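Student: Residues per chain, in single letters:
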Amino acid sequence: MARTEAIALPRERQGAAWWRTNATALLFMGPAMVLVLVFFLAPVVITFVMSFTDLATSTGLSNWQWIGSANYERMFRSQFWFTILGNTLVYVAIVLAFNVVVGLGVALLSLHVEPKAGGVFRALWLLPRISPSVVYALMWTWAAASPPFGMLNYIVAPFGLEPRFWLQSDPWLIVILINGFVGASFGMLILTSAIKAIPEDLFRAARVDGANVLQIVRRITLPLVKWPILFVLVYQTMSLFASYEYILLTTNGGPGLYGTETWSLWAFHTALANYYGNLDFAYGAAMSAILVLLGLGISIVLLRVFRFGQLVAEPRVEVD
Amino acid sequence: MRVALRGLTKKFGEVVGVHELDLEIRSGEFVALLGPSGCGKTTTLLMVAGIYRPTSGQIFFGDRRIDHLLPKERGIGMVFQSYALYPHMTVAENIGFPLELRRSVSNEERERRVREAAALVQVDALLDRRPAQLSGGQQQRVALARALVKRPDILLLDEPLSNLDARLRHEMRGEIKRLQKEVGITAIFVTHDQLEALTMADRVALMRDGVLQAYATPTELYARPVNQFVAEFIGTPPMNFFAADLAPRNGSLVARTEGIELALPAGPRGAKAPPTATVGIRPEHLAIVAPGQGEASGEVYVVEPMGREQIVDVQVGERRLRVIAPPGFVAKIGERVGLRFAPEQLHLFDPASGARLA
Amino acid sequence: MATVAERAPGSGRWPSLVPYVVLALGTLPIALLYAWLLYSSFFLRVEGFTPIGPFTLENWRFLWDPLSVPELRNRPPIIPLTINTFIFATVTSLVGVLISSMAGYAFSRLRFKGRRMMLGGVLLLHSFPSVTLLIALFVVLRTLGLYDKLAGVILVQTAFALPFGIWIMKGFFDNVPWDLEMSALVDGAGRLRTWWRIMLPLVKPGLLALTVLLFVEGWNQFLLPFVFMPSGSQQTLSTLVRGILGEGRFVDYGLLTAVGLYYIAPVLALFVFAQDQLMRIYAGGVKG
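Residue numbers (the working numbering), protein chains in the order written: chain A, 1 to 320; chain B, 1 to 358; chain C, 1 to 288.
Simulated from the structure, these hints should not be mistaken for lab results.
Please read these numbers as outputs of a predicted model, since none were measured by experiment.
Glycine included, every Cβ here is placed at the ideal spot set by N, Cα and C.
It is possible that part of the hints are untrue.
Partial chain B-side listing against chain C, Cβ under 10 Å, derived [to be verified]:
(1) 46
(2) 49
(3) 74
(4) 77
(5) 79
(6) 80
(7) 97
(8) 156
Starting from the given sequences, assemble the full structure and let the hints guide the process.
Tutor: Take a look at the structure:
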C-alpha cells in the first residue's frame with residue numbers, strides 16, 4: 001500500500017495527470033473527432049429530432065414547429081408507401097442475390113484460372129465501382145436507349161425479342177443490372193481474399209482424397225467462407241436499403257409515379273429534390289430516420305457478430 | 001551511474017509481470033537479467049527504459065528518482081532485439097537520429113559524433129548504406145552506435161544476440177563486453193541464454209515468474225546456486241537431481257537412494273537434518289569408473305559424442321544421470337559402469353521449497 | 001494461394017476452358033460498355049455497335065471551343081469545372097489522409113480514455129450508410145453557412161471518408177514493429193515526432209494507396225456536389241454530365257461519351273497504375 005501511494009509523484013496532481021495521459025491522444029484524435037461529431041453524430045441526432053417537426057422550405061430554418069409524430073402518420077397514410085416498400089424489398093432482394101451469387105462466382109472462377117487472367121477479370125469487375133457513377137449510369141442509359149441506338153436491342157435480337165426502349169418498358173431490369181454489376185465487385189473482393197486465406201494444404205488433401213473441382217468447392221471452399229458470405233450478405237443488405245444513386249441517375253424513380261422508387265429515393269425526393277419546390281425536410285427526415293435506425297441496427301450486428309473483440313488489443317507502449 | 005530498483009511491480013490487468021523486484025546496479029557494472037521467457041525480464045527492462053509504467057515501486061538513476069519521466073528524459077540508450085533500425089534512413093541518419101532531436105547539438109557536432117560512434121563499433125565505412133543492405137552483425141553494431149551516440153548514462157540491451165547466427169553471436173558477445181568496459185557505461189541486458197549471461201555479465205539477476213531468484217556473480221551462481229531453480233537453469237548440460245533419504249552415520253550424513261550411497265562431507269549445519277533432500281550434481285562432477293567402484297552403479301543408456309567431450313546417460317535404478325566423459329571413453333549401450341561423485345560438488349536442496357540446504 | 005496446376009482438374013483440355021468461357025461471357029457486358037464509351041466518342045453517331053459516318057474528333061470540340069457546343073452553352077466551360085473537380089478530389093484526399101493517419105496512429109499506438117469505445121464507434125460508422133444523413137446534413141451546412149460552397153462539400157466528403165481511412169491507417173500502423181516505436185521514444189523523440197519522422201515514412205505504401213483511393217472517390221463524387229452545391233459556378237464534372245444526361249430530351253451521345261471519357265480518363269489511368277494497391281485496400285478495409 002505504501003508503495004502505491006509513493007508512486008503519486010509531486011508532478012502528477014489529479015488534473016495534470018489526466019491532461020498528461022490524454023493530451024497527446026487529443027492532439028492526434030482532435031481533427032477526426034470534430035469532423036465525425038459535426039458531420040456524422042450531429043446529423044444522426046438531427047435526423048431523428050427533425051422528423052418530429054414541420055421543417056420545410058416554407059418554414060425556413062427558424063419558423064418550424066414541433067408536430068409530434070405527424071410525419072410518421074402522414075408517411076403510413078400515404079397511398080404510395082406500400083408500393084414503395086414493395087419496390088424496396090424487391091429491389092434489395094434481387095440485387096442482393098445477384099451481387100452475392102455473381103460475386104462468389106467471379107471470385108471462385110477467377111481464382112480457378114491462371115492467376116494473371118484471374119487478376120484481369122477481377123480488375124474488369126472492379127471497373128464499375130471505381131468509375132464515376134454518372135459515367136457508369138450514362139453507359140447503361142445508352143445500352144438501354146431506344147432503337148436504333150441501344151446495345152441491348154442488338155444483343156437480344158437473335159433471341160427474337162422486339163427492339164424497345166428498355167428504360168421505359170423494363171425499368172426494373174435496368175435498375176437491377178446497373179446495381180448488380182456494381183455491387184458484385186464487393187462480394188468478389190471480400191470472397192477472393194477469404195478463399196485465398198484458406199490453407200493450400202486443405203485443397204491438396206482433398207485432391208489426394210480424390211475430390212473433383214465441384215466437390216472441393218462444395219465441401220471445402222464454401223463451408224470455409226461461410227462467414228465472409230454472411231458478412232457480405234448483411235453488409236450489402238444495409239447498403240442497398242440506403243442507396244439510390246444509380247436509380248436516381250437512370251430511371252429517377254420512374255417511369256410514371258413511383259415506378260422504381262425505393263424508400264431511400266423517396267426520402268431524397270421528398271426532402272431534397274421534389275417537383276413542387278417546397279422541400280419537405282422534416283417529412284423526408286422521418287423517412288430517413290427509418291433507414292438510419294436500420295443502418296445503425298445492422299451496423300451493430302456487424303460489429304458484434306463479425307469482428308470486434310480481436311481488433312482492440314491494447315497498445316504496448318505506456319508513454320504519453 | 002548507479003541504478004536502483006525498489007519494490008518494482010508491474011501488473012497487466014490481473015497478471016503479474018514483475019513482482020516486488022529489488023535490484024542494485026553499481027556504476028559501470030554490466031548486469032544480465034536472465035530467465036525463461038515470460039519471467040518478467042523484458043518487462044523490467046522496459047520499465048527502466050520508460051516504455052512501461054510501473055504499477056508500483058521506484059526506479060533511481062544515481063540519487064534521482066526517474067520512474068515518472070518520459071523515456072527521452074532518462075538519459076538511456078537502448079539496443080532492441082530486432083535492432084529497430086529505421087529502414088527509411090541511412091546508417092548515418094540512424095545513428096544521428098538521437099542527436100537530431102537535441103537542439104543543443106549543432107550539425108557539425110552531430111556529424112563528428114556520428115563518425116566517432118560509428119568508428120567505435122567499426123561501421124564507419126557503411127555510413128551511406130541502408131539497414132536492409134547490412135548483415136545481421138553490422139545492423140547490431142549500428143544499433144549499438146545509435147544507442148551510444150548521445151552518451152547516455154545507462155545502456156539497455158534487449159536480447160541483443162538472439163537474432164545472430166551462432167558464429168556471429170560468439171563474436172558479438174566479446175565485442176559488446178569489450179565495448180561496455182571501454183566506454184565504462186552502466187549496462188543492463190536481457191537474455192534467456194544462460195551462457196550469454198555467464199560469459200558477459202559482471203552480475204546476473206535470475207528471474208522466474210516475475211520474482212527475482214538470485215542476484216550474484218556468474219561464479220557464485222554456478223558454484224553455490226541458492227535454490228533448485230537456479231541450479232537447474234545455470235549450466236549445460238543441466239545438473240542431475242535425485243531424491244535421497246538422509247541418515248546420520250559416524251557423526252556425518254549419508255544420502256541414500258536406490259543404487260546410490262553418498263557420504264556427505266558437511267551436512268546441513270546447525271539445524272536438525274531433514275529426513276529427505278533433493279541431491280544435485282553437475283554432469284562434469286561425475287566420473288565413469290569401473291563397475292563396482294564409485295558411489296553408484298548403473299548401465300550406459302546412451303552416448304552423445306560432442307567432440308571435446310562426450311555426454312553419457314547412465315541408468316541408475318529408476319533414474320538416469322548425465323555424465324561428462326572424456327573423448328576417449330568407449331562404451332556400449334547397456335554396459336555396466338560405476339559412477340564416482342566429486343564429494344565437494346554435491347548440492348542439497350529442500351524437496352518442498354527448493355531452497356539450498358548445503 | 002493455390003496455383004492453377006493444383007486446382008485445375010487437368011483432365012483434358014475441354015474442362016479447363018470452361019471457367020474461362022463462363023468468366024468471359026459474364027464479364028462481356030462490362031467490357032462492351034467501356035468499349036462503347038471509348039469508340040462512341042470518336043463517331044458522330046453509333047447504332048448498337050455500328051458506327052455511322054467516319055472517324056471524327058468533332059465530339060471533342062468542347063475542349064477547345066466550348067461556345068459552339070449547344071448542349072454546353074448555358075454551362076460553365078469545361079476547364080473551370082475540371083479545376084473544381086480536381087480541387088475537390090485533391091483537398092478531400094489529402095486532408096482525409098492526414099486526419100486518418102493521425103487518428104489511425106492514435107488508435108494503433110496510444111492509450112487514452114475511451115479508446116475502446118471510440119474504436120467501436122469508428123467501426124460502426126464504417127459500415128453505417130452515410131448517405132442516409134444527407135437530409136440532416138443539409139440543415140447542418142445551412143446552419144454553418146457552408147451550403148452551396150465548395151468548402152462545405154469538401155468537409156462532408158472528408159468526414160464521410162474518415163471511418164474507412166482511420167480503419168485502414170490503423171491497420172498499416174499496426175503492422176509497424178513495436179520495437180521501432182520504442183526505439184524512437186528512447187532515442188528522444190516525442191509522440192508527434194515519432195509519428196512524423198518514423199511512423200509515416202514506414203506506412204508510405206498505405207498513405208499512397210489511401211490517397212489514390214480518396215482522390216478517386218472525390219473525383220467521382222456526384223451526390224454531395226449535386227445536393228449541396230446547386231448553383232452553377234462551383235459545379236463539378238459529375239454534375240455537368242448528369243446535367244446533360246438528365247435534361248431528358250434528345251441526348252447527343254457522341255458529345256456525352258467524349259465528356260464522359262474525358263471525365264473518367266484520370267481514374268482509369270490511376271487504376272491501371274495502382275490497381276493492386278486499390279484491390280488490396282478495398283478488400284482489407286471492406287469499402288462498399
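Student: With reference to the structure, classify each hint as holding or not holding.
Tutor: Verification of the hints:
{"no.": "1", "hint": "46", "verdict": "holds (7 Å)"}
{"no.": "2", "hint": "49", "verdict": "holds (6 Å)"}
{"no.": "3", "hint": "74", "verdict": "holds (8 Å)"}
{"no.": "4", "hint": "77", "verdict": "holds (7 Å)"}
{"no.": "5", "hint": "79", "verdict": "holds (9 Å)"}
{"no.": "6", "hint": "80", "verdict": "holds (4 Å)"}
{"no.": "7", "hint": "97", "verdict": "holds (5 Å)"}
{"no.": "8", "hint": "156", "verdict": "holds (8 Å)"}
Every hint, counting from the list given before, is met by this structure.
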